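Enquirer: Same order as they appear, the protein sequences are chains A and B.
Note that this note's numbering has the first sequence beginning at 1, numbered continuously upward.
Note that this note's numbering has the second sequence beginning at 257, numbered continuously upward.
Keep in mind the hints are simulated off the structure, nothing from the lab.
One should not assume that every hint holds.
Straight-line alpha carbon distances no greater than 30 Å define the calculated DSSO-like cross-link-like pairs of lysine-lysine that follow [unchecked claim]: (1) 446/B / 244/A; (2) 344/B / 147/A; (3) 184/A / 460/B; (4) 244/A / 474/B.
Source: prediction; values computed, not measured.
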Amino acid sequence: MDIVVLMKFVPDLVEDLEIDAATGLLDRTFLRLIPNELDEHALEEALLLKERCGGVVTVLTLDFGDVDEALFTAIAKGADRAIKLTGEGFDQGPSNQRIAGAFSQALGDLRFDLILTGTQAVDDLDGFVGALVADRLGLPYVGYVTKVTPADAGLVVQKEYPGGLNAELAVTGPAVLGIQAAEKPPRYVVTSKVMEAMRTRKIEEIAIGEVTTEVEVPVSAMALPESGSHAEMLEGDAQQVAEKIVTLLRERGIVA
Amino acid sequence: MCGEVCVVVETLRGKVTDITFVMLAGGRRLADGLQTKLTALLLGQDVQKYTRELGAADRVVCIEHDCLAEFNPEAYLRVATAVFEQHKPRVVLLGHTATGTDLACGLARRLRAPIVTGCRTFSVDNGTAHYSALICGGKLIATGPLPEPTCLATMMSGGYKADEGRGTRTPAVETLSPPTALDPLRTNFKQYIEPPTGDVDIAKEAILVSVGRGIQNKDNIALAEELAAALGGAVSGSRPVIDQEWLPTTRLVGKSGKQVKPKLYLALGISGAPEHAEGMREAELIVAINRDPKAPIYGFAHYGAAVDVLELVPKLTAALRKA
């Protein structure tokens, strides 16, 4: 089974987000971008499927800047091909419509039985990449997927509902699946293997020109929520905070 | 439905889900502000029984078919597309959920309409409808207009209470057969897989010590277990902890896990992304520990301390044992 994994890069939320005073939108100047976490789960699920039934795993991403290391890491983990789409216009947010357009354009020339990507990304605002790609290519889409099993007539996918409930759906491929979690935590790969991939393997590039979209979601402003506005903060070092919490729980009768 | 506000109702295993009422609350505001009607679209089989709960809407349109008995993205998308192509609504609201997000993008593309995801509140200003969405794990609020003539939006909880969308009136009910063929389908529902049982039910615990990414590794879960034991509670966790298999799925709190309402929710190294908040913000007392003073969880926790979780937990356990 040949699988294409779509990887998007998103702001690293460990870093502080800033608003650009001129545009009123997220300041992207010093934004550190990392692969979308659920896309890493999609890659893991693809690699597990490859181990079970063979095939070629191709990772597709857009040239958001510093993406090579993530692509070499994917190769070191077991991906067969890594392709970077170069073009313009897809890094302007909100951008999923553009990103999906770029992916769909490139997918037209690739062979695949299945497309996997993260069911969502942290910076989604104008749709979800997998679902948008599926509709552009006229393929079935199922999101919140936690398990994919090849079956006689296609695939059986497990879809997650609240409270630990899951549903099994039979899907005739090719299809696009939005992965919520891989069956196993994404594998770790040692740096030496990534370095080896950098020395011995190549990242392919496809130029896709300027990416546009017919439907835009207008954003008038972005703002940082006043996060400290609600909680009463307990000051002091760890020991002092521990004592304050005990006092608090006692006052409320939660502990004796 | 032409020019109206429409809510795509979600049901799961015989129940109308809470997000439906949140959408009805948001939809009601939009409809009143835009001086139009609020219609609830209810897809399924044998769905009449749900209509009396949907009184916040002016009208419920039911479409019944065998293929719609359980959620099927392909069948639901076909039917919803056919309905909305015919009636051209002003705004369509879907849940930011496992079902709503499967439909929203395909539906938007087929209606050539923009889609805004992760909306929490809406407002209408001089006849213009606006959204407010929470993105980047709760660290960023985006606002803007809902473009005309048609716009789709997925809604998450946190903006309106479900109770605001529970109407007492009896809405007008219209039942139609699917306006499109539902055969053949490439996607078919097979069966439900029940949640695992046998573990503690975190929804029934009065005290939860809940761990997030900040707990750093599987070995540190033991620290949380000791603290929970000292408090007489159980350990639960947020999505990254479950996905790393540091805790079993039965312990997941949040949108895809359990909704919990304990007397005490002690959040350790949890940032407070909207998906997590959805499962615990109703807790009676939320005490959050996160080194990042800007963590979104401080926006709804009652108490917080920006200290190191791994340093605090043993000290807190010791202090409780002494107490």
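Enquirer: Hint by hint, which ones does the structure fall short of?
Expert: 1, 2
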